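As given, the protein sequences belong to chains D, Y, H, X, F and G, one line each in that order. Start counting the first sequence at 0; every next residue gets the next number (numbering that gives the first Met the number 0). Start counting the second sequence at 0; every next residue gets the next number (numbering that gives the first Met the number 0). Start counting the third sequence at 0; every next residue gets the next number (numbering that gives the first Met the number 0). Start counting the fourth sequence at 0; every next residue gets the next number (numbering that gives the first Met the number 0). Start counting the fifth sequence at 0; every next residue gets the next number (numbering that gives the first Met the number 0). Start counting the sixth sequence at 0; every next residue gets the next number (numbering that gives the first Met the number 0).
The set of hints was computed from the structure by calculation and includes no laboratory data. None of these values were measured; they are calculated from a predicted model. All residues carry an ideal CB built from backbone N, CA and C; glycine is no exception. Incorrect hints may appear among the rest.
Only pairs whose alpha carbons sit at most 25 Å apart, straight line, appear in this in silico DMTMM-like list of lysine to aspartate or glutamate [said to hold, decoys possible]:
hint, chain 1, residue 1, chain 2, residue 2
1, H, Lys108, X, Glu46
2, G, Lys55, F, Glu1
3, G, Lys116, G, Glu131
One-sided and incomplete, this derived list gives chain X residues near chain H with beta-carbon spacing under 8 Å [claimed, not checked]:
hint, residue
4, Thr11
5, Asp27
6, Ile30
7, Phe39
8, Ser65
9, Leu70
10, Ser81
11, Leu87
12, Ala147
There are 6 protein chains.
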Amino acid sequence: METKACYFEDYTLGDVRVTGGRTITEADFVIHAGQTGDFFPHHMDAEFAKTTEFGKRIAHGTLTFSVGVGLTASFVNPVAFSYGYDHLRFVKPVFIGDTIHTEVTIHDKRDTKHPDKGMVVERLAIKNQNDEVVMVADHLLMCQKREAEAVTEAASVLDGE
Amino acid sequence: METKACYFEDYTLGDVRVTGGRTITEADFVIHAGQTGDFFPHHMDAEFAKTTEFGKRIAHGTLTFSVGVGLTASFVNPVAFSYGYDHLRFVKPVFIGDTIHTEVTIHDKRDTKHPDKGMVVERLAIKNQNDEVVMVADHLLMCQKREAEAVTEAASVLDGE
Amino acid sequence: METKACYFEDYTLGDVRVTGGRTITEADFVIHAGQTGDFFPHHMDAEFAKTTEFGKRIAHGTLTFSVGVGLTASFVNPVAFSYGYDHLRFVKPVFIGDTIHTEVTIHDKRDTKHPDKGMVVERLAIKNQNDEVVMVADHLLMCQKREAEAVTEAASVLDGE
Amino acid sequence: METKACYFEDYTLGDVRVTGGRTITEADFVIHAGQTGDFFPHHMDAEFAKTTEFGKRIAHGTLTFSVGVGLTASFVNPVAFSYGYDHLRFVKPVFIGDTIHTEVTIHDKRDTKHPDKGMVVERLAIKNQNDEVVMVADHLLMCQKREAEAVTEAASVLDGE
Amino acid sequence: METKACYFEDYTLGDVRVTGGRTITEADFVIHAGQTGDFFPHHMDAEFAKTTEFGKRIAHGTLTFSVGVGLTASFVNPVAFSYGYDHLRFVKPVFIGDTIHTEVTIHDKRDTKHPDKGMVVERLAIKNQNDEVVMVADHLLMCQKREAEAVTEAASVLDGE
Amino acid sequence: METKACYFEDYTLGDVRVTGGRTITEADFVIHAGQTGDFFPHHMDAEFAKTTEFGKRIAHGTLTFSVGVGLTASFVNPVAFSYGYDHLRFVKPVFIGDTIHTEVTIHDKRDTKHPDKGMVVERLAIKNQNDEVVMVADHLLMCQKREAEAVTEAASVLDGE
């Protein structure tokens, strides 16, 4: 796990990164139901699933979200933290055997009430092996500003620290 | 797992339900890292965690979210489906040994572009054993309207079906 | 998880409830072997299993029992506790991909040596997707008597408590 | 995994074998809840458990049973199969950190309606680190009779096979 | 789990034992990735795997090694401990659904700098259902010498212990 | 998961990289026993462990190895594959709660019988939170040579491909 300081200024609008892929297995369904306690028949009962519009078991929304987000966890950024998510939408079902990956676009950057921090909005598009979007979400990443750090350091110098 | 049809009209603004509790264990951290591939040291490295502001390992946001949502999965509603989430926010960290539960308030009801469906917004507040909110999210539940069903049935009758 | 006080008097002989279904997956076999340490080739060795009368891997008896019983865990009854099981029988094998559910019949009610408690016998029939019984067991549920409680309360009143 | 043919005649009333031990961990609770879908607060909610008579989380009955039985799975007996269990009783709770083992006594041997098979009753006593019995059960093992095999073989010879 | 003291002198060059088999499932891949954090696409991404020379997902080397070694863990030897492994080689890939077993040959015995201990070299050959070797390794087992024990006991007697 | 072609020539003798850390939990012991079927009391029986020289449960060698190796799985190298391991040694026990990381030194580079491939030997030192080495192993990485590729390409040009 690499560590890399990535400040507010280092994110460029429109930049895109694409994660590796991950096949969602029946075992993932079982482990996720076990972790969450959500044993809804849509995920866990193949006979019931035959009677639904999809005809087979579909992944928990929280499973697709957790794995799709997990795929983006590639390096530790010590000058940012995850603030939350907006506009999480379930676009298409994920089936056993589908392979998903996540595309992350720097969608927005905005100031916050903290002068030393800015919000970076990463738009996540989780896609399957047919390049169909199965889930979207906007990740809010609260990042330190490099300039703020410079100011703080300057202030420290002036203060004789 | 009980099945209970709950139409748009059946949800009442302001209604609150409180789930049972669940202790978040070190095993949950391990299983969640294993499922998502997110082995960030904030969750998995006790030595690193000592150097952070929290002093100990904190739960993955996706773990708290998945379990917090899973706790609400108490009955199957065949006339609704999960549309997505808005305004998911990480308010406080969850530590190993914390016990969380979820409070679900019917926060909003609105029409959609589909005349036969309405959107119910469930506001989730995930709280710890000290009754502190650790995460919030608005769950969007797309529900069939009972009246619409009546209209459809009436139309069927008129059509001589 | 709902909580509902269900006293000895509240159980009616002959009442039946049917749980939802659950597909028993290869992952369940693997997790159960891992939990119990039972790696018998009947469950874990597909080549060996081909040489048996069933021709394929069969579920551990304890897996079918644990899941079949787990399916009945739908609400917490604070005035009862599980006393044990009688007449647990393995009737037919469960294979990977089978979907089981449990039918619970109130089979017997009897007094116990504790005047304030009665024993409710729930007969469990675990069935597969072809409605074949794969396992049976009689669950002994030790329940408080409502009348006893009334007596206790009356006594308390008389005692001036 | 050793294979050893053990016929009805090979079991001696009163014989005892003692398995190795296994510490029941919090992870075992989590994995068992995940496998069975039984998230009762007695097992999974440390805050709730503080309010019970035991003051802490207790193992699922099916967990103690599954592990206690699993500990006895030491060799494959190709001339016997598990028929069922009788008189399974939860005697004392098992807590996180308890170490259990199983003592197996040949308690009974009886003929069955199949002349070539006999039933061996193994009495299981699952005990904790203080040598207290926490669970008992009678395991019914349907075993081939060696004499029957001899008869069959003799018949084959007479038949000229 | 049986306990059996097996001294250096008790191992005979050329002796072979063959373990039972175990089918390597997709669930094993998922659990192993989860335990190790190794989510390389060769193991976890079915689409990527189609583009490799093998055309499908292959087991982690550490998975095959861990299970292959685990299969040999049949009894506890209180007078020996595992010193290490030499010459571990990945000979052929293991695919989902393959059934492996391990053949253990006493390959070498040698003295060590400790006069009371000798090194037994167990050559492990992990094979699949087609009897093809998929992995080899030499296990170094440091064993007490029986003669040394006799000497120690004799010395104790002389010392009047 | 980043992909980066790293040829034989790109590895420099003496180069060192240090992975992030990972706390080995009781859950890891449980999951590893479950995956391997190795339920030796040294790992799984806290009461037995009290009677050993270490006084507490120690990690499976294959667990330390699997996690220690997994920590190094940071990027996919499409021009190399894992050939095997030499000189794997268990130096010190790993206990529940220890935090391990791996230091990888380019220890040797050598030609192979394949003119287009060279062997890179990575010396792995797995260390605990006290910077004590708990395990060592030499990882053999079979790498394509860049020069060889150039030769092949040149040959292709000459061949008119």
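Going through the hints against the structure:
1. For the suggested pair Lys108/H and Glu46/X, the alpha carbons sit about 33 Å apart, so the restraint of at most 25 Å is broken.
2. About 20 Å separates the Cα atoms of Lys55/G and Glu1/F, which keeps this hinted pair within 25 Å; it holds.
3. A C-alpha spacing of about 35 Å is found between Lys116/G and Glu131/G, which places the hinted pair above 25 Å, so the restraint is violated.
4. Contact between Thr11/X and chain H, as hinted, is not supported at the beta carbon level, the nearest pair being about 24 Å apart and thus beyond 8 Å.
5. Taking 8 Å as the C-beta cut-off, the interface hint given for Asp27/X holds, the closest approach to chain H being about 7 Å.
6. Hint status for Ile30/X relative to chain H: holds, with the closest Cβ pair at about 6 Å, below 8 Å.
7. A cut of 8 Å between beta carbons decides the hint on Phe39/X: the least distance to chain H is about 6 Å, and the hint holds.
8. Evaluation of the Ser65/X hint against chain H yields a held restraint, the C-beta minimum of about 4 Å falling below 8 Å.
9. For Leu70/X, the interface hint holds, the least distance from its beta-carbon to any beta-carbon of chain H being 7 Å, beneath 8 Å.
10. For Ser81/X, the suggested interface contact is upheld, since its CB lies about 6 Å from the closest CB of chain H, less than 8 Å.
11. Among the interface hints, the one on Leu87/X holds; its C-beta lies about 4 Å from the nearest C-beta in chain H, closer than the 8 Å criterion.
12. Annotation: interface hint on Ala147/X violated; nearest CB of chain H at approximately 18 Å, more than 8 Å.
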